[in-house]
Amino acid sequence: MPTFDVNKIRQDFPVFQETIHGKPLVYLDNAASTHKPQSVIQRLCNFYSYEYSNVHRGIHYLSEQATEHFENSREKVQHFINAQYVSEIIFVRGTTEAINLVAQTYGRRYIKAGDEIIISHMEHHANIVPWQLLCEASGAQLKVIPINDEGDLILEAYEKLLSKKTKLVALCHISNTLGTINPIKQMITLAHANNTPVLIDGAQAVAHQEVDVQALDCDFYCFSGHKLFAPTGIGILYGKQTHLERMPPYQGGGSMISDVSLEKSSYREPPYKFEAGTPHIAGAIGLGTAIDYLNHLDFSAIQVYEKELLHYATEQLTRIPGCRLLGTAKEKVAILNFIVNDNGGKRIHGHDISDILNSEVGVAVRAGQHCTIPLLQRFNVDSTVRASLAFYNTQQEIDTLIQGLHIAQTLFKVSRTTTAQYV
Amino acid sequence: MSELRELYQEMILDHGRHPRCCYVMAHANRQAKGFNQFCGDNLTLYLDVENEAIKDISFTGSGCAISMASASLMSETLKGKTKEEAYIFFQFFHELLTHEQKQTPAIKGSEKLTVFSGVKAYPARIKCATLAWHTLLLALREQIGISRDQL
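Line by line, the protein sequences are chains A and B. Following this note's numbering, the numbering of the first sequence begins with 13 at its first residue and continues without gaps. Following this note's numbering, the numbering of the second sequence begins with 23 at its first residue and continues without gaps.
It is worth saying that the hints were derived from the structure and are not from the lab. Even for Gly, the Cβ is constructed at its ideal location relative to N, Cα and C. Careful: at least some of the hints might be erroneous.
What the hints assert, rightly or not - Ranges between beta-carbon positions, derived for each pair:
1) A:T254 with B:R163: 53 to 63 Å
2) B:G131 with A:S427: 24 to 34 Å
3) A:R331 with B:N73: 51 to 61 Å
4) A:Y97 with B:K55: 43 to 53 Å
5) B:R27 with A:R331: 51 to 61 Å
6) A:I332 with B:A146: 16 to 26 Å
7) B:S24 with A:N353: 17 to 27 Å
8) B:K55 with A:T244: 29 to 39 Å
9) A:E76 with B:E25: 49 to 59 Å
This is chain A alone, in the form it adopts within the complex:
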């Protein structure tokens, strides 16, 4: 491994120094949310202890300082995703709010009856429902890019869906359930050739690869802080300046206006036009600190390391008899979604498995539908187990997961003599 020392990294995260019910925590639920390094936790503590004040308001020392830190964070985000202007970075609560913001502002203004919005079959509910709401309100129609059995989007079908009616494409960068890395650069180019703007749900991407919104040329890019080692309740909407200027405001209130009279108000320039009310100041500052933390790591080394983990985990899971992986795209991140059968060929439910993993070997995974019900229906399963890795995970932790799965299979082992005695 080049310049990456996982044991050193783990020292940065207080949660890994503790045990839960006497067992070290094996946290494999990173697609749901990531843990926070000490620096982020400390930053929140310091800010609330000694530096706290509202932003963009008071002409006093603390408020000026808080405003400066808050706006510094915006710049950090700008550089992190290589946006052209700092005004293209809007603070929101998370990916969900970012997508809803675009649907309710851009969508309501520019998408009308008869228009079409394209999404894919692998979207998180957060990138389905806001568009359905918009379609209901506007009379537009939702079109869905199908996927194949490996979990790749079928690009030929996408090209056929693009038409004069297509007014927006909304796609995940990386699937939270399958781990598939979508060829979004190529898909954005195709959409733009059709004069269609593209929104990218980057919730699962930012913690695992470098994102350059200018190179991608996406129109909107959304992500959450809490999946990026930052606090909950803070997220980012990136939008191209040209779009943001033309979009109506999202919520009305303080901070977003330039003038208010009882008859009519005028709004501020982006990003403030979209940030009504007191924002999550500490969260935004914490996000900046999380980005500082990531910037001092070697991202390409992280990617190599995570790929090795993915490779190892895939190999180990495939060896378990009766284990089937969902999502075997060639380009994917370390998200392992699977089902496990007992020795009689009957599926052990994900909820049973996750409980056994939790109580027997201290492994935290996600079981269920992962906010992607349509996707699971596509694979004809109602519940799966998902182990999602981050750079602080280790091979030993994957071994522990495998050990736990063996325990589950042992517990659920069909012994021919015991059945039917209770009938």
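Assemble the complex: chain A is given as a structure, and chain B must be docked to it using the hints.
Chain B alone, transformed into the frame defined by chain A:
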């Protein structure tokens, strides 16, 4: 593995694997759907109620071992019982899973249901075990709809 064994008793594993009364009842006169949004467990409960008694009961659905075993054992237990008795069993089962200190007094015919007492140690699983029972209440009230957390 002892606490886990307490949760996954052989009878639960058996009923989870081979649920009894698991079929669509053509002659049902009451029916309700239950859905646990948290984990995707879902079931449809069918009742044939005549003269205030559950003449026949069955279900279909998919879910974890706990939820399927619970639906199976509930159906077995309630077949032939009156509506009033069914409510008493509901109360018994509810207390079995939620009351830490109180020793839930056993009622006649409830012996098998006590295999679920281990669920108490796993709060996240209580909803799995009670899904069938909440769906039963819906069916008895003749409300056909989706049960989430309203009960």
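Which numbered conditions among the earlier hints are violated in the structure presented, ordered from lowest to highest? 5
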